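Chain A is already provided as a structure; the job is to place chains B and C on it using the hints.
Chains as they are written, first to last, in the working numbering: chain A, 1 to 115; chain B, 1 to 557; chain C, 1 to 289.
If you're looking for bench data, these hints aren't it; they were derived computationally from the structure. Note that the structure is predicted; figures quoted are calculated from it, not measured. Certain hints may be false.
Claimed, not checked - Simulated pairs of lysine-lysine, PhoX-like, Cα-Cα distance not exceeding 25 Å:
| # | chain 1 | residue 1 | chain 2 | residue 2 |
| --- | --- | --- | --- | --- |
| 1 | C | K108 | A | K23 |
| 2 | A | K23 | C | K107 |
| 3 | B | K285 | B | K201 |
| 4 | C | K135 | C | K253 |
| 5 | B | K423 | B | K26 |
For reference, the chains in residue letters:
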Amino acid sequence: METTNHEAHPEVGHVTPVDLLLKVWGALVVLTVVTVAVTWVDLGPFNLFAAMGIATVKALLVALFFMHLRWDRPVNGVIFLTAILFVAIFIGAVLLDTTVYQPDLIPDHAPAVNR
Amino acid sequence: MSTATPSAVEQAPGHAPDENYIKHGKGLMSWLVTLDHKRIGVLYIISILTSFMLGGVFALLVRTELLTARQTIVDADTYNQLVTLHGAVMIFLFVIPGIPAAIGNFVLPLMLGAKDVAFPRLNLMSWYLYVIGAVFALVSIAAGAVDTGWTFYTPYSTETSTAVIPMTLGAFILGFSSILTGLNFIVTINKLRPGGMTWFKMPLMLWALYATAIIQVLATPVLGITLLLLIIERAVGIGIFDPALGGDPVLYQHFFWFYSHPAVYIMILPAMGVISELISVHSRKHIFGYHFIAFSSIAIAFLSFLVWGHHMYTSGQSALASTLFSILTFSVAIPSAVKVFNWLATMYKGNIQLNTPMLYALGFIFMFGIGGLTGLFLGSLAVDVHLHDTYFVVSHFHYTMFGGPVMALVGALFHWWPKITGKMYSEFWGRMSAFVVFVGFNLTFFPQFLLGVNGMPRRYFNYPEQWTTLNVMSSIGSYVLAVGFVLALIALLQAIFRGPPAPANPWGAASMEWLCSSPPPHNNFDEPPRAGDPYDFSQVRYDEATQSYSFVDEKGE
Amino acid sequence: MSEEVTKTPDAGEHGHDHPEGVAHHFDTATQQYEAGKLGIWLFLVTEILLFGGLFCWYAIYRAHHPEVFIYAHQYLDKTLGGINTLVLILSSLTMAWGVRAAQLGEKKNLVVMLTITLLCGFGFLGIKYVEYKAKWEHGLLPGTAYSPHEEEAEGAKEAKGADAGGAKVAEPAAGLPAKAADPKKGTEATVIAPSADGPAGLAPKTEGGTGHGESPKNVHLFWGIYFVMTGLHGVHVIAGMGIIFWLLLRARKGDFGPKNFAAVDNGGLYWHLVDLVWIFLFPLLYLIH
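Chain A extracted, bound-state conformation:
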């Protein structure tokens, strides 16, 4: 590997230190193992939350460190979170509606239509 030329420092943008990159990577690997290991423990309805919780932590590590949000202008992070918020609104509303009308559905009632 070339030695770092400190005069070749970029005038814009933050440079991530190597050891931080490696630490984040290590954490991601560990969390992946944990995700799989957790499936051998039955937490009942919390299984999904555990899985999603760990995935969220991994996603945050990638977003904050690999994707630089930790050092960027806040607007980039705000944009990212806004997108997630709108996905949540969408999923939430549709889940609510479909759950409430499930009892209205008559099982096995859909007629087969020939193509």
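Using the frame of chain A, we list chains B and C on its own:
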């Protein structure tokens, strides 16, 4: 980074008298690979006006069929296709790109005193994606078109043998065109404002385009995935929307309307931005309630995402969801009303010039007002059960989408035509077109409210005899409307070929695009102008010698 | 989505000059850099909303047909999925490291990092190919193509017989009119009565349904979700690999350095998004229990 405000008189001699963006670079190729936002804007103007004419032809065919209560000129299947094509072409190829692409591309960087948008190559790509999407739509039309209605509801759209896939692929590609335009505008407004132009010193047109761009970026991808899933369902039968395969057709509607409701605000917000400019300039009065109008644009953008279920009250959606959506729908009317009150207050005691752009703007306020109010009836859950899928809905959305974006687009074309082409149009023909369009529009669509309340369903090619009179009125109105647009087109084209040269600032407006020559030079501005108040008309004074307004340097500025 | 940082052809015409490496419509390198970043993040937003629709589809069907998910996901190989996750995470590391290398002008390092990232992409696709091939061989396909055949318990074998017949949806099931009216052919529209024994083309319901061998109804719904979600993700992996390949070619020519690394930075952000989506896909598809 900026110096004293260069007046229009100072600006022009800095360039060769004949140098402007139209003359810069010769030949068709120079236009087809241009990175100049002004040229891209002109390409869009041509494209969307062509699409408007195509969509209009479909409309005239539909209205002609409805002249009689039985079959008139086409059979039922063809009628379904005409109705679908009218909707799909008008929405995806005309109104959605509409004002942002045609007017925004031209005017936005100029209003910022910038040289171009943030990503000029992306801008050109947006236009090419538009063209490719249009080609797919044409392919679909040639291959037997689509008869599902522009909403492509399942399960019919997954079962029908018409050319659904090319049309939806076209819409998918057009979606990307829209996304990239929005992305470009957000970054441009965020990053390329000149020194001194804080957010609250921007012209309201830019607030409107910014709010629109937010919706474009957030909502359009959901349309993308919806159409993709529809195509996959049609091709492979995965069973997402088709009940025969275990799917849920109401889910399709949730997916579809999550985009398509915010889409109508993509259509109206830029139009409202235009109206803010037109009303203020042509009343020669500072816009009233700047902050209210600015914030209301953002409020509309946000609230527009929370109301999509009001298209689905009768679809099988739960009563709980319908009730919640109904309540939220009332909230989204409020920011729109705020704007209307502010425009009226702007006009009050203003020095109103009843020129063509102003006439179109006044028509907008009247027609969009009616459209918006009738939206409240439709938003009411109980009333909508009766009115859903009737002509009341058709009339409501034409009053809002036609009486809104179309009036604003034509008004904007007249208002900025001197800047875009360097020529003045004939006020006589311009005003005539506004009058004829206004009469034709109301004659076409007002009877449709009555038809809807009486129960006439939309998309039907026959109707009971007792409704013939109202339908005939509506159809005649559509022909008058067509004449009105022909007059407008004549006025605009005649200006290009025979109109007198336009000065830099014929209207005495105070936003930055009027600082450069008409037409603007290739590079817009050498130095970004210093930002002032874009609605402070004391900055401009009429100069008899040049028959134009020019900016005057106030002492101490 | 990254803009090249080169002068435009008519740069010589205007009155003021701008710093080297900055496009003519920007004033400073910082403004250009931040604009590019903002642009790519906005594009990532559109990708999040795109996949968001698919996650919504997943959420709805998992909520209302949990038995389908619990049954069908057993046919997915957790090990391969886990390896793929680690492969993408490694590629994210090398991508981020590559950005650092570009920023510091470490050309050789950059080339190495981009190459490893690209190889990880190939690795990911290779494993996906293995998985897809296995599904194809076992008939675990979406929609009407679903016809499982493998080591199954008795109940599923009976289901298989019905499936094979049901896979040809055109065949009328008992109790249905012979051919549903096709309006295009001008036949009279019928009111299609629901089938007495359930819709054709689907596996018949069996009792219980959570045992490995007893297949619940509508299992093909899971496979539809699986293939569309991983398929669209795979398309994005391929697109990302295209971008990285382009970056690699330019890196080898020495295009990147402290004054010119935005393309690597922004291309890297796209690649990280691909990783982010998979971080959620993996537990949701492979680790259901």
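Against the structure, the hints:
no., hint, in the structure
1, C:K108 to A:K23, "holds (23 Å)"
2, A:K23 to C:K107, "holds (24 Å)"
3, B:K285 to B:K201, "holds (16 Å)"
4, C:K135 to C:K253, "violated (42 Å)"
5, B:K423 to B:K26, "holds (20 Å)"
Of the hints listed earlier, the one the structure fails to meet is number 4.
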